[in-house]
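In this note's numbering, the protein residues as written are 26 to 166.
Hints in this document: simulated from the structure, not taken from any laboratory.
Here a beta-carbon is modelled for each residue, glycine too, at the ideal position from N, C-alpha and C.
One or more hints might be untrue.
Unchecked claim - The calculated label-pair distances, taken between Cβ atoms and stated as ranges, are: (1) 37 with 165: 36 to 42 Å; (2) 144 with 34: 41 to 47 Å; (3) 109 with 143: 14 to 20 Å; (4) 44 with 146: 46 to 52 Å; (5) 93 with 41: 26 to 32 Å; (6) 106 with 134: 18 to 24 Å; (7) 49 with 144: 23 to 29 Å; (8) 70 with 34: 44 to 50 Å; (9) 116 with 93: 30 to 36 Å; (10) 37 with 144: 39 to 45 Å; (11) 92 with 143: 37 to 43 Å.
Stated by the list, open to error - Straight-line alpha carbon distances no greater than 20 Å define the calculated EDC-like cross-link-like pairs of lysine to aspartate or glutamate that follow: (12) 152 with 112; (13) 141 with 126; (14) 144 with 117; (15) 57 with 44; (16) 144 with 132; (17) 57 with 84; (18) 127 with 163; (19) 141 with 163; (20) 152 with 116.
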Amino acid sequence: MTPKAASSPARKTSTMFRESGAFPSFSVNDLKQASAFYGKTLGLDVSETPEGLQLNLADGFNVFLYPKPNHTPASFTVLNFVVNDVDEAVDELNSLGVRLEKYDQAEIRTDAKGIKRGKGPQIAWFKDPAGNILSVVEEAE
Numbered sequence: 026m027t028p029k030a031a032s033s034p035a036r037k038t039s040t041m042f043r044e045s046g047a048f049p050s051f052s053v054n055d056l057k058q059a060s061a062f063y064g065k066t067l068g069l070d071v072s073e074t075p076e077g078l079q080l081n082l083a084d085g086f087n088v089f090l091y092p093k094p095n096h097t098p099a100s101f102t103v104l105n106f107v108v109n110d111v112d113e114a115v116d117e118l119n120s121l122g123v124r125l126e127k128y129d130q131a132e133i134r135t136d137a138k139g140i141k142r143g144k145g146p147q148i149a150w151f152k153d154p155a156g157n158i159l160s161v162v163e164e165a166e
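Whole structure, please, built from the sequences with the hints as guidance.
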């Protein structure tokens with residue numbers, strides 16, 4: 026016969042984080058390259074801070090980039106840009122010299138232009154100079 030497990034006490038729920046500000050961050054290996062790519066190539070508002078770079082995006086949304094000498098690029102998408110027309114965004118990226126990623130996997134297949142089409146949103150992926158994966162996403166209607 027198995028002894029009866031002691032009942033666990035009621036679990037407390039925090040309220041501190043519901044009211045706190047939050048922002049995403051990821052590492053890069055070279056702040057100057059990152060500043061040039063995000064600020065000049067992509068045309069984002071970039072602020073330098075003593076700790077790294079802040080990308081000032083629409084609606085007051087900020088992303089923080091910090092230097093990491095032993096940086097390893099993420100193997101997943103770290104930042105998505107929502108666009109009205111993914112084809113137009115891909116054409117713009119190409120004109121800026123940004124290379125689109127091509128995928129031919131069971132779960133992700135891109136066309137010759139580098140766009141995943143079909144079910145769900147249309148997405149195209151590209152990398153920043155540190156190798157982090159970014160995307161442009163046209164949400165499905």
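Evaluated hints:
1. 37 with 165: 36 to 42 Å: Since the Cβ atoms of residue 37 and residue 165 sit about 39 Å apart, the hinted range of 36 to 42 Å holds.
2. 144 with 34: 41 to 47 Å: 45 Å, holds
3. 109 with 143: 14 to 20 Å: Holds - the Cβ-Cβ distance for residue 109 and residue 143, about 19 Å, lies within 14 to 20 Å.
4. 44 with 146: 46 to 52 Å: 31 Å Cβ-Cβ, so the 46 to 52 Å window is violated.
5. 93 with 41: 26 to 32 Å: 28 Å, holds
6. 106 with 134: 18 to 24 Å: Between residue 106 and residue 134, where Cβ atoms are some 21 Å apart, the hint holds.
7. 49 with 144: 23 to 29 Å: Given a distance of about 27 Å, which is inside 23 to 29 Å, the answer is holds.
8. 70 with 34: 44 to 50 Å: Given range 44 to 50 Å: holds, Cβ gap about 48 Å.
9. 116 with 93: 30 to 36 Å: Roughly 33 Å apart at Cβ, these two residues keep to the hinted range, so it holds.
10. 37 with 144: 39 to 45 Å: 41 Å, holds
11. 92 with 143: 37 to 43 Å: 38 Å, holds
12. 152 with 112: Holds: residue 152 and residue 112 sit about 17 Å apart, inside 20 Å.
13. 141 with 126: Distance ~10 Å between residue 141 and residue 126 Cα, so the pair holds.
14. 144 with 117: Roughly 24 Å separates the two Cα atoms, so the pair is violated.
15. 57 with 44: 34 Å, violated
16. 144 with 132: 11 Å, holds
17. 57 with 84: 25 Å, violated
18. 127 with 163: It holds: about 17 Å lies between the C-alpha atoms, which stays within 20 Å.
19. 141 with 163: Given pair residue 141, residue 163 holds - Cα atoms ~10 Å apart, limit 20 Å.
20. 152 with 116: Distance of about 15 Å is within 20 Å: holds.
Against the hints set out earlier in the document, violations occur for numbers 4, 14, 15 and 17.
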